[in-house]
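Trainee: One-letter residues, chain by chain:
Number of protein chains: 2
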Amino acid sequence: MIDKFVQYIELPQPTLGNNTADAERLKNAIKQKIECSDNEKKNGKSSIFFPTKLVTDLPSKLRKWNHKLKVVIFKNSIGWQLIDIVEPNRDKPCFGIAADLGTTRIVLRLINLETLQACGEIGFDNPQASIAPDILARIHHARTDRGLNELQKLVISAFNEKINILCNGYNNAHNSCETHHSCYKSGYNKAHEADNTYKIDSKSIYILIVAGNSAMTHLFLGIDPSFLIREPYIPAINAPEPLEAQELGVDINRGGMVYLFPNIGSYFGGDLISGILFSELHKKDAPCIMVDVGTNAEVVVGYKDWLIACAGAAGPALEGGISDMGMTAKPGVIDKVKIDPVTGEIDIHTIEDKPPIGICGSGMIDLAAQLFLSGMIDIRGKFVPERCGKRFSEKDGVGRLIVAESEDGIGSDIVLSQVEMNSLTSSKAAMYSILQVIIEKTAGLQFTDLEKFYVAGTFGSFIVPKSAISIGMLPDINLEKFEVLGNSSLEGAAKLLTNPYLFDEIDKIREGITYIELNVNQEFMNIFSGAKFYPHTDISRFPSVLSYGA
Amino acid sequence: MIDKFVQYIELPQPTLGNNTADAERLKNAIKQKIECSDNEKKNGKSSIFFPTKLVTDLPSKLRKWNHKLKVVIFKNSIGWQLIDIVEPNRDKPCFGIAADLGTTRIVLRLINLETLQACGEIGFDNPQASIAPDILARIHHARTDRGLNELQKLVISAFNEKINILCNGYNNAHNSCETHHSCYKSGYNKAHEADNTYKIDSKSIYILIVAGNSAMTHLFLGIDPSFLIREPYIPAINAPEPLEAQELGVDINRGGMVYLFPNIGSYFGGDLISGILFSELHKKDAPCIMVDVGTNAEVVVGYKDWLIACAGAAGPALEGGISDMGMTAKPGVIDKVKIDPVTGEIDIHTIEDKPPIGICGSGMIDLAAQLFLSGMIDIRGKFVPERCGKRFSEKDGVGRLIVAESEDGIGSDIVLSQVEMNSLTSSKAAMYSILQVIIEKTAGLQFTDLEKFYVAGTFGSFIVPKSAISIGMLPDINLEKFEVLGNSSLEGAAKLLTNPYLFDEIDKIREGITYIELNVNQEFMNIFSGAKFYPHTDISRFPSVLSYGA
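Chains as they are written, first to last, in the working numbering: chain A, 1 to 550; chain B, 1 to 550.
The following block holds chain A by itself, in its conformation from the complex (with noise of 0.2 Å):
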């Protein structure tokens, strides 16, 4: 078994008695580190591809360096692959680069490969959005002439100018990096304390992981995304090969690889994958669920028995999913809500402490919590005047809540509207809804049988789970069992490049999930309208919210 994918490796001298070839001599001595798969070691042998060109100038290398050397070696389901033979005693380590490859937001890591930490981040939007913002747009761009070409350039180039700024440092990267959130929720601000800055050479980076839905994924690789979005709702592929860093255009090592998370349809991508493998939701020993608030809905749940995901065409029929809930959060947005239920005021947090500038969606449901909780707000969702007070108004017949004043006359007031909130209790519906159908109708659960509810994506790092309960957007469990992943495909991305077996977890994820695309069927209209209610019509299932209730 190995740990890491830089080994360091001593080679027996060749002698009349043992003539085997120098890059056999090689394949042998990495077997020999390498602990065979149940597979491999069914076969008798594991096989390491050896590409010609690292065999060209093999044998004076060999000699030179007294046959010792460090390899850099890669792993996927077909075997495993020498990337490049490296000087035993040099200094310079050698990296990877994990990235989540978002619709919006595209965030790259780099960590030494021998040291296993983090050194660097950077997070940026997604170029692609200057050609169309969403999915839809852009695959269908892809059609036009050149269009597909185009925007795989454009992500290409973002990877490459941005990779250039991770190896002049993190501390530059870092400062451009607009996610220092997830950062430090994931536990990167250890890696930003123990290295301080770095300069390293781009061919010293010899792996790309790439985690990102089955959209981004087409685009990155120039694959024809078309029929992604057309019924029966058909990728080109599930599960890409690795290439060769050169073949993409990617300014790593030219050998280095690149590998790109596998999906299981079209709505259901690597990012999500990722995440599974991040979570370890495939090894629990009792069932869990793992909730993607994103564009879509994507749920899975299971455990080491069994996977069954969910997602798709349930997001546009429901007045655009449940990420349409809000802004982005950055500086000045209010992120946290707190409600006097005597009093009526409103207590406002924003990030980073700026003037209020508008509210996300992690915001918008400990609003919705706090309205409901004060009764400024009915069960239907709607506004209670005499409960709202002066905050409260109308314009054009259409209800308004004044959330937070501008400031010194600064900016403009932060204001809640009756049309919002339907959009919030339409999406927090669906959110149950889908969740419901999932673990009653489908996996045949109870809610209280989950052993942990994980929380994963940018939106839901910030979702506080008492909130969601409260307006019966998640079911009411036990908080504790609640975990919030953070950026879960960055960081399973990020937790591949620590250990070359996790490809063949990745492929056991993959041939071992069901997958279930979400039909919006009559039942579904009928599941969906009893979760329009606040906390829910069928109240006994929010115990916990009657308790500490209005």
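These are calculated hints, taken from the structure and not from any lab test.
Remember, predicted model here, so these are calculated numbers, not experimental data.
We put the CB at the ideal spot given by N, CA and C, even for glycine.
Any given hint could turn out to be false.
Stated by the list, open to error - Straight-line C-alpha distance at most 30 Å; calculated DSSO-like pairs for lysine-lysine: (1) K284/B <-> K203/A; (2) K452/B <-> K508/A; (3) K304/A <-> K31/B; (4) K153/A <-> K53/B; (5) K153/A <-> K203/B; (6) K452/B <-> K338/B; (7) K508/A <-> K33/B; (8) K203/B <-> K53/A; (9) K64/B <-> K284/B; (10) K508/A <-> K199/B; (11) K64/B <-> K153/A; (12) K31/A <-> K304/B; (13) K53/B <-> K53/A; (14) K31/A <-> K508/B; (15) K31/A <-> K452/B.
Claimed, not checked - Some chain B residues judged to face chain A by a derived CB distance under 10 Å, without partners named: (16) D224; (17) G512; (18) Y515.
Chain A is fixed; fit chain B onto it per the hints.
Mentor: For chain B alone, coordinates are given in the frame of chain A:
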């Protein structure tokens, strides 16, 4: 079980109930066509490598072709690989090329991968000879600045030039082919008659299989060959990975694959592995032997239970080895000799009945056999002047025999000197000694235990076994056991193009073979001394020679 590298596939249409991605649906359909090997069955899956560049426009192609297509696939020890997808009704067939990469001569054969028919062949001198005629000098040149690159470029350019000729019609190709002889022997004439002229696009060529000795293989791949010839004689690589044609610069389909037969040592190359594959030595029910009489004497003995290969350093120690005898076969070269034992009249036959210009190796053996049987040489291989008559003379104290007088004053007499006879004596003794060591000392058999005696190599093609036995070069066994294989290196490569599963057999051959370096020790020299007599000191070893002998 699939029988060809080109397969016609019909895919199931994608539906909501079967949302497998296009690439994976194609993979599954190919898998259904493949009867998995034992290992693949054990794994429960057979891996198929699907290059990303074939996925980029797969969705639209599949739909345009209504989910019907032809695939070109390739197989190696790691698994299957998709090379290309082709319109189902395309009338242009897909091709492969088999190559015998000799130190002196290169032969390419074009094969239709769908009909499995040969449809063109071209032979040409290895252009590296312009830099250095023999292996040793080429390896030294490879160590000079840019020398390796220069040697590689020469041979790749020659391949490209001749592939281009092959593509423009076999007729042209065949006219420039100087190995007619072996073409006809190998059944190639059938192909000649079947097809007439042909013009194909080099992009229709998908596979190039190359069988060459270890040094030629290293140079073809641009791999440092230095240590092949330095003790302890270590190749840089035994089994090179198949490469994409574009990586090597070979002008066939850019995704086409180039496979080089593996070697099992510096002196036992892919040409011999190819020969074993062709002769099916590894499948025989009783011990057989294959002898490649080339630059060195390379020998494999064995059958389905074991294989022992023997080659190497004996050659140089034995005064130039065996192939040093005579000149290359070409029109005008004496290839058969008959001497009237009574009159001493010499009756020669030349290739294509042209006026004699020299003697080739097989002619030399025939000549020596006839000289011995007619008493014109004695048991030490020395001329017997009184039996040779007026054809014999001395020049500077060295005996010489006129084999053929110049015809009508055109050209010069063809003369055999005592020095050449001595060299032949050494060579034939070396051959027999090697055989004796391997069969009797190493394998513990008697010559009579052999079921088949295969003579491989271009030189071997022309040997008349009866003559070789007469001079004590080959063992005195039933003449029916001898079988001349022709250019077995080319034939093995061509065979591989007709059956993907043969890659597995090559691996089995290579892994199962025991390789023994021939040691020129005192014991060997004793055996060698005994073999320097005509036919042998131990005359009981050649009963049949006695029965018709002098």
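Trainee: Each hint needs a verdict: does it hold in this structure or not?
Mentor: For each hint, the structure was consulted:
1. K284/B <-> K203/A: The hint is violated at about 52 Å.
2. K452/B <-> K508/A: With a Cα-Cα distance of about 51 Å, the restraint between K452/B and K508/A is violated, given a limit of 30 Å.
3. K304/A <-> K31/B: Holds, at roughly 28 Å.
4. K153/A <-> K53/B: It holds: about 15 Å lies between the C-alpha atoms, which stays within 30 Å.
5. K153/A <-> K203/B: The hint holds at about 28 Å.
6. K452/B <-> K338/B: Measuring from Cα to Cα gives roughly 27 Å; hence the hint holds.
7. K508/A <-> K33/B: Roughly 24 Å separates the two Cα atoms, so the pair holds.
8. K203/B <-> K53/A: holds (24 Å)
9. K64/B <-> K284/B: violated (49 Å)
10. K508/A <-> K199/B: violated (49 Å)
11. K64/B <-> K153/A: Satisfied, since the Cα-Cα distance of roughly 27 Å is no more than 30 Å.
12. K31/A <-> K304/B: holds (28 Å)
13. K53/B <-> K53/A: This hinted pair holds, its Cα atoms lying about 21 Å apart.
14. K31/A <-> K508/B: holds (19 Å)
15. K31/A <-> K452/B: Measuring from Cα to Cα gives roughly 39 Å; hence the hint is violated.
16. D224: holds (5 Å)
17. G512: For G512/B, the interface hint is violated, since the closest Cβ of chain A sits about 13 Å away, which is over 10 Å.
18. Y515: Check passed: Cβ of Y515/B comes within 8 Å of chain A, closer than 10 Å.
The structure does not agree with the numbered hints 1, 2, 9, 10, 15 and 17 stated previously, though it agrees with the rest.
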